[in-house]
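Chain residues, written in single-letter form:
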Amino acid sequence: MSAASDQQVVAWAKQGHEAAFRELVRRYERPVFSLLYRMVRDRALAEDLAQETFIKVLNGIASYRPEFKFSSWIFKIANNAAIDHLRRKSLDTLSLDGAPGAETPDQIRATSLQLGDRAESPLDEVQNRELGTAIERAIARLRPEYRSCILLRHVEGYSYEEIAESLELPLGTVKTYIHRARNELRGYLDDRRD
Amino acid sequence: MTDISLHLNTDEIELWAQGLLPAAQAIHLADCSLCRAEADRERKVILELVQLPKFEPRAGFADRVMAQVKIPTPSENWKA
Numbered sequence: 001m002s003a004a005s006d007q008q009v010v011a012w013a014k015q016g017h018e019a020a021f022r023e024l025v026r027r028y029e030r031p032v033f034s035l036l037y038r039m040v041r042d043r044a045l046a047e048d049l050a051q052e053t054f055i056k057v058l059n060g061i062a063s064y065r066p067e068f069k070f071s072s073w074i075f076k077i078a079n080n081a082a083i084d085h086l087r088r089k090s091l092d093t094l095s096l097d098g099a100p101g102a103e104t105p106d107q108i109r110a111t112s113l114q115l116g117d118r119a120e121s122p123l124d125e126v127q128n129r130e131l132g133t134a135i136e137r138a139i140a141r142l143r144p145e146y147r148s149c150i151l152l153r154h155v156e157g158y159s160y161e162e163i164a165e166s167l168e169l170p171l172g173t174v175k176t177y178i179h180r181a182r183n184e185l186r187g188y189l190d191d192r193r194d
Numbered sequence: 001m002t003d004i005s006l007h008l009n010t011d012e013i014e015l016w017a018q019g020l021l022p023a024a025q026a027i028h029l030a031d032c033s034l035c036r037a038e039a040d041r042e043r044k045v046i047l048e049l050v051q052l053p054k055f056e057p058r059a060g061f062a063d064r065v066m067a068q069v070k071i072p073t074p075s076e077n078w079k080a
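From first to last, the protein sequence lines are chains H and S.
Just so we're aligned, residue 1 is where the first sequence starts under my numbering, counting upward by one.
Just so we're aligned, residue 1 is where the second sequence starts under my numbering, counting upward by one.
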């Protein structure tokens, strides 16, 4: 089965063959997880989002339209999951000074954000090692829209047209995002070298 | 004297970084220090990106996914 095209494997999956579902997971678990991990920079969260992506895709396999590439479909769902998460996160207004209703010193202390009081867990160490290089930190500074485009182009090797299809963006927008992302990365990396 | 109308655009620089630049622009690149400097900087970034590792989820990821997937009833024409 490993030599079959994605379209063929999807056709087998639609016929109800578990091995075909597993083959799709095998083919895409690393690229989907890598994209999500670099988008959200949290291993456990990236794995939750990857799992959510695969469950959505595989349970919706009957609605898959073969005129689109399977990779475009799965990356679209993964990217949407990451962007939704990042938007929700940016809306969370966590106060350093405690919850709005906190009035007494005890209430303020109990609800305030404590910085620097958490020991680094083994998972944090892994993340710091994996995402701590200059290029990874530079990628993290990009706008999420730029980040997904540049990762799909240069890490996953997809064409501009495939990225436009995946992210449902006009081709010109994808090109602009990728060029701007590369310029920003060059700037960050030049700063590092200075 | 370098013809500035031939300066490479970003698409062409990306093609060059991939070894796909057409001969006419490649000749210009060889002669134009401005384009070469720009292309070298761009190539460094592209190289750093393409060399990034792929990450793997924890072992057992496929099993955790499959535990939540509803598989339709197999049809008769399975030929895998």
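To be clear, the hints were calculated from the coordinates, so they are not data collected in a lab.
Each hint should be verified, as a subset may be incorrect.
On the chain S side, residues computed to face chain H include the following (Cβ under 7 Å) [to be verified]:
| no. | residue |
| --- | --- |
| 1 | L6 |
| 2 | T10 |
| 3 | V50 |
| 4 | L52 |
| 5 | F61 |
| 6 | V65 |
| 7 | V69 |
| 8 | K70 |
| 9 | P72 |
| 10 | T73 |
FRET-style restraints, in silico, Cβ to Cβ [claimed, not checked]:
| no. | chain 1 | residue 1 | chain 2 | residue 2 | range |
| --- | --- | --- | --- | --- | --- |
| 11 | H | E18 | S | R36 | 50 to 56 Å |
| 12 | H | A44 | S | A24 | 50 to 56 Å |
| 13 | H | D48 | S | A23 | 28 to 34 Å |
| 14 | S | R43 | H | R87 | 30 to 36 Å |
| 15 | S | R36 | H | S90 | 28 to 34 Å |
Everything numeric in this text was worked out from a predicted model, so none of it was measured.
Backbone N, C-alpha and C fix where the C-beta goes; we use that ideal spot for every residue, glycine too.
Evaluation of the provided hints:
no.: 1; hint: L6; in the structure: violated (19 Å)
no.: 2; hint: T10; in the structure: holds (5 Å)
no.: 3; hint: V50; in the structure: holds (6 Å)
no.: 4; hint: L52; in the structure: holds (5 Å)
no.: 5; hint: F61; in the structure: holds (6 Å)
no.: 6; hint: V65; in the structure: holds (4 Å)
no.: 7; hint: V69; in the structure: holds (5 Å)
no.: 8; hint: K70; in the structure: holds (6 Å)
no.: 9; hint: P72; in the structure: holds (4 Å)
no.: 10; hint: T73; in the structure: holds (5 Å)
no.: 11; hint: H:E18 / S:R36: 50 to 56 Å; in the structure: holds (54 Å)
no.: 12; hint: H:A44 / S:A24: 50 to 56 Å; in the structure: holds (52 Å)
no.: 13; hint: H:D48 / S:A23: 28 to 34 Å; in the structure: violated (50 Å)
no.: 14; hint: S:R43 / H:R87: 30 to 36 Å; in the structure: holds (34 Å)
no.: 15; hint: S:R36 / H:S90: 28 to 34 Å; in the structure: violated (41 Å)
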